[in-house]
Amino acid sequence: MKSSVPKLLHKICGKSMLSWVVDSVSNAGAEKVLIVASPQLSASDEIYQIPASFIAQDVPLGTGHALLQARGEIESFNGNWLIVNGDTPAIRPESFSSLIQQHESSGAFITVMTSHDPFNGNMGLISRKNDTHYITAILEYGDKDYDVDVSSEFNVGAYCIRSELLPAVIDKIPESSTNEFYITRLVEIAYAEGLLVDSYTIEDPDESIGVNTLHDLSRARLVLQNRINTYWLLHGVDIIEPCYIEIGVHIDKDSVIYQNTSLQGDTRIGTGCKIGPNSRLIDSSIGTDCNIFESVVEGSTTENGVNIGPFSHVRHGSHIESGVKIGNFAEIKNSNIGKEALVGHFSYLGDCFVGNKVNIGAGTITCNFDGKEKHQTIIEDGAFIGSDTKLIAPIRVGSNAITGAGSVVTKDVKAGTTVVGMPARQINKKTSLSSDYGKEGTDSGC
Amino acid sequence: MKSSVPKLLHKICGKSMLSWVVDSVSNAGAEKVLIVASPQLSASDEIYQIPASFIAQDVPLGTGHALLQARGEIESFNGNWLIVNGDTPAIRPESFSSLIQQHESSGAFITVMTSHDPFNGNMGLISRKNDTHYITAILEYGDKDYDVDVSSEFNVGAYCIRSELLPAVIDKIPESSTNEFYITRLVEIAYAEGLLVDSYTIEDPDESIGVNTLHDLSRARLVLQNRINTYWLLHGVDIIEPCYIEIGVHIDKDSVIYQNTSLQGDTRIGTGCKIGPNSRLIDSSIGTDCNIFESVVEGSTTENGVNIGPFSHVRHGSHIESGVKIGNFAEIKNSNIGKEALVGHFSYLGDCFVGNKVNIGAGTITCNFDGKEKHQTIIEDGAFIGSDTKLIAPIRVGSNAITGAGSVVTKDVKAGTTVVGMPARQINKKTSLSSDYGKEGTDSGC
Amino acid sequence: MKSSVPKLLHKICGKSMLSWVVDSVSNAGAEKVLIVASPQLSASDEIYQIPASFIAQDVPLGTGHALLQARGEIESFNGNWLIVNGDTPAIRPESFSSLIQQHESSGAFITVMTSHDPFNGNMGLISRKNDTHYITAILEYGDKDYDVDVSSEFNVGAYCIRSELLPAVIDKIPESSTNEFYITRLVEIAYAEGLLVDSYTIEDPDESIGVNTLHDLSRARLVLQNRINTYWLLHGVDIIEPCYIEIGVHIDKDSVIYQNTSLQGDTRIGTGCKIGPNSRLIDSSIGTDCNIFESVVEGSTTENGVNIGPFSHVRHGSHIESGVKIGNFAEIKNSNIGKEALVGHFSYLGDCFVGNKVNIGAGTITCNFDGKEKHQTIIEDGAFIGSDTKLIAPIRVGSNAITGAGSVVTKDVKAGTTVVGMPARQINKKTSLSSDYGKEGTDSGC
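Residue numbers (our numbering), protein chains in the order written: chain A, 1 to 446; chain B, 1 to 446; chain C, 1 to 446.
Keep in mind that the hints were calculated from the coordinates and are not lab data. Computed from a prediction, not measured in an experiment: that's the story for all the values here. We put the beta carbon where it would ideally sit given N, CA and C, even for glycine. Treat each hint with caution, since some may be false.
[Said to hold, decoys possible] Derived DSSO-like pairs: lysine-lysine, alpha-carbon spacing no greater than 30 Å straight-line:
(1) Lys-274/B to Lys-274/C
(2) Lys-374/C to Lys-339/C
(3) Lys-274/C to Lys-357/B
(4) Lys-32/C to Lys-7/C
(5) Lys-274/B to Lys-32/C
[Claimed, not checked] Far from chain A, by Cβ distances over 10 Å, these chain C residues were calculated:
(6) Ser-4
(7) Tyr-146
(8) Thr-178
(9) Thr-213
(10) Asn-229
(11) Lys-253
(12) Gly-363
[Unchecked claim] Simulated restraints, written as ranges between beta carbons of each label pair:
(13) Gln-101/B to Tyr-146/C: 39 to 47 Å
(14) Gly-194/C to Gly-121/B: 54 to 62 Å
(15) Pro-93/B to Glu-140/C: 30 to 38 Å
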């Protein structure tokens, strides 16, 4: 892979290549999953999230050698083993199920998953005896008899094998000229012993992807992204391609995901939403009938009927209540924005609790950082924050209070009062907005 | 479709699926277009924009039943009927014309549009008598004789039929086991009556798309978007794919549309422009030699030689005169920006009339909303608005006037004067800029 | 092409179509490159960057006529001439090398590069004598014998020819009915004279692209972009497609380029970076372990561990030192940002020298333009610039100095002091930040 990341931990649409294989095997009904892996892989933090047992392969001496590490486990289990290469992330659970089903009904010792469309030019080739049903060997690329013109059936890298004779057969895997042991040698050993080796052929060539380079990884991503997007298209979600929807995302029907949108992590989208184009949502939960244009939302939730964007950024820990309108160039961090509040333009609300029907003027900034700590700002229901107001936290602006354009508010503002200036001072008491106070400098850009 | 939107009203590249079919049929020369549709579809607002007559099909009893609803119209017209499924948006007008032309020259009773490349695995199959030219039936997926190995000619869902005998034949359509009536049964009825049924085969498999799921819709979008983009590429517009150009857009030659750009609605682009990447233009008209990078322009016009972006937002009702430069993080709404004005950064101009050669400093905000109404700002030719100026509308800044950085301007500013402070007060009179006034705080970020 | 740009100067992934061909020929080992070109092409500025000699073809009378313009050069060189159409940008150097190698070993007079997969429907066809190895003619589309059913071998537009007899053969090229001279006629002339004409067939159909329309250009871009991206994927760079990486870019291994990112010009990316999605980097150099989300960086450099974005814009001449964090909606132009400085949000830093560990509050603006000239701002190590501070340049803020929120700073600020207000005045002396000064209005949004 020419990469510092262990091959099987490279990410595809939100989970590692290894997780794709483990989840597929599990969904096909595996009772238990064992992973034989290098110490480097086993030491990775990410590995702990994978529901499987790990067996160390201390030296990388090939797939057959990996199998030998699990010899004890193999002996102690009586049934069928499904043995899969870890770098085949695109095999569907349904294909594993079909492989197992055929294996069980045919009574073969080994059933090899094969494909007639090679993903790479160097896949193992199936060799048969005189066109019969009997597989005699899997020829590795470079073997002397390797000849694609004779056989066009390729080894995908997944095998179902009966457990009874398996330990004995494993022990006979010969050492290769490069001092490795290949699992594919099991086939010729079985054939020599008179054991039946059969194949189960998958029809979708995309499933046969084996990842050996980042270029292969890129192709696997296209295949699996297409599979995820097709799933949502068939469940009532309209998608303008390309979109990047990770495996853990949920989208309700009647929503539209516009082009070049990324939905990542544990993101959930309600019904009737329009998301994108060019939006990125990470670990966020979006209510119904929301629009999020050209914006980034991270670790936050919105209720219903929320509009965001274009070009806004909702950061971690924010909760946007229903009917809120967030326009362009707004940044919201770790804040609650109350129902039907307007945050039209150019403002930074950090560590802030905004009440209902508050109007945040253009250029409003919550000055929440004093160089050492972050402080909270509270803006109560119906307050009208004039353009370019600076709110020096910790601070509270009372309900229906008004701040003048350009004011620097250093003290709490009482409910229903108006403050202007730098630092801001109370100029009168009002309980409702009127059109003439504008000349005091209290207007808000909208 | 698993969608609340009626199937035929789903949008593809700027118009509904139904409009694609109607426009294609009309462009092929149809004298009159009838649409047989469900009451749900007929009740839709969008339907009124489609140039066709509607006939209600109150219960969805199949395509043959739909035809029966139009029986009166069919009887009253003597000529050829072109009958098309509404979910086949990709058939070209040229293909309809060729179908009609062959139909007229062959003298067939029915000519069926067919394809040798199935879009879906469940398209109707053409059955012929002993390899002759005579079509005996269209087999539906699930019919007992349905066998793709025998016939690889598929029914696209468009038919040209002579009107004389049509009403009588329609009446003979049998009820299916699911109590529906299929138009495809016309073929076997015609065959039984000794009427010639011929086929016209289209070569481009993309035309045969029939949309039954949102996944099909997604594929149809790719096909039709590619067709639109190819049209512009062949008319001198360079496009870096992917771009999302709707059907109603016009682009002059020698412009370049960069990747991931959306041109929507009634948008027109002059010659010599560079649009994108990542721009979105909606119902906007762009002059010649304009650059619009990573920006959104809605319902606005620009004259020639205008630069916008990256990351700016021109909202509805704006008119940008020639030579204007709008930099990053600028929002302009319902405003006129005069020739060669500079709006470099971070500013909100709403309900504003800006004269020629005005300089708008970074952070300028037109405070146009007093909580009840929006007011206008006028900035006359050659004015220099210092950084972070708040203009409390309604207000007028005279020609060549200057506002200091951070000023809150609450009263009109006379031509040629300078104001600073909060609220802003006149400090001297100047008729031209000089380098020393900077210390008064009048500079503008640029 | 229906374009004002000369065909061969259209850009593909960062260099002109002509440069693609010249570079490919040069990399195949050409001793000298001659370009026969129209005066319009020769007059272009861009042409001077191409390492080749130019010969004018004053009137466009076809490829054979172009060859005639180089007759003198051809006579004076004894060896093999590789003659290539300028509109075939996708032929690999390796293919040219193989063509030359086969030509030299076969002893043919002409070796024609051919393909079995036509890119266009109108490519020249190879005609052979009774299925022998001898090529008798290249049939142009429209010639009476042109028949794709008989021959499916197409002329790519590249020829290797022995120099000895070439001048004499060129002179015999007949005038076509359109008064042009075609290089392809050389083949039938050679055949008539008993000279061997052989072919070298390329296997990758993408290499045979000949560009005659902007639609062809679009296809060539896809092919060459895919080739560039595959190169980086195979060199340890992970790419989420689509990405737009120009030919002159360098990326170190273990970096990830996310979807819809453009890397243009002379851009270099260090190891361990995450770039994109939706970023655009032009002529910029990025250190190791940097993250650049949804941002534009032009003509600038960053050191290691720098974070930028989303939605920020680093303009020409900026240098960002290690560990700097630039958040959203920041614009930086022609500035140095010192180590570990924070530029969290909404700020414009132009012509600015920022020291180490400086905190730039939200809404900070360097007012660097007085209407006539740009001036410099210096902010020394450890300074804390409060939110919405306007710095009227030229100006210097001393180390560890503090400016209050909303202040307009018109005079230099001494090290360790605090200034507030408009214009800003010193309020006390401090050498370190404390939590209580916040009430003076000195907080910064973060």
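Going down the list of hints, with the structure as the test:
At roughly 28 Å between alpha-carbon atoms, Lys-274/B and Lys-274/C fall within 30 Å of each other, so this suggested pair holds. Between Lys-374/C and Lys-339/C the CA atoms are separated by roughly 25 Å; this keeps the pair inside 30 Å, and the hint holds. For the given pair, Lys-274/C sits about 41 Å from Lys-357/B by alpha-carbon distance, which is inconsistent with the 30 Å threshold. This hinted pair checks out: Lys-32/C and Lys-7/C have alpha carbons roughly 23 Å apart, not beyond 30 Å.
As the CA atoms of Lys-274/B and Lys-32/C are separated by approximately 36 Å, the hinted pair breaks the 30 Å bound. The beta carbon of Ser-4/C is kept farther than 10 Å from every beta carbon of chain A, the shortest such distance being approximately 30 Å. For Tyr-146/C, the non-interface assignment is confirmed: its Cβ lies about 33 Å from the closest Cβ of chain A, beyond the 10 Å cut-off. Non-interface call for Thr-178/C relative to chain A: holds, since the shortest CB-CB distance, roughly 44 Å, exceeds 10 Å.
No Cβ of chain A comes within 10 Å of the Cβ of Thr-213/C; the nearest lies about 25 Å off, and the non-interface call holds. With a cut of 10 Å on Cβ distances, Asn-229/C falls inside the contact zone with chain A, its closest approach being about 8 Å. With a cut of 10 Å on Cβ distances, Lys-253/C falls inside the contact zone with chain A, its closest approach being about 6 Å. The Cβ of Gly-363/C does not lie farther than 10 Å from every Cβ of chain A; its closest approach is about 5 Å, which violates its non-interface assignment.
At about 27 Å, the CB distance of Gln-101/B to Tyr-146/C disagrees with the hint of 39 to 47 Å. Taking 54 to 62 Å as the suggested C-beta distance range, the pair Gly-194/C and Gly-121/B conforms, at roughly 57 Å. Between Pro-93/B and Glu-140/C the C-beta distance comes to about 32 Å, which sits within the given range of 30 to 38 Å.
Of the numbered hints listed earlier, those contradicted by the structure are 3, 5, 10, 11, 12, 13.
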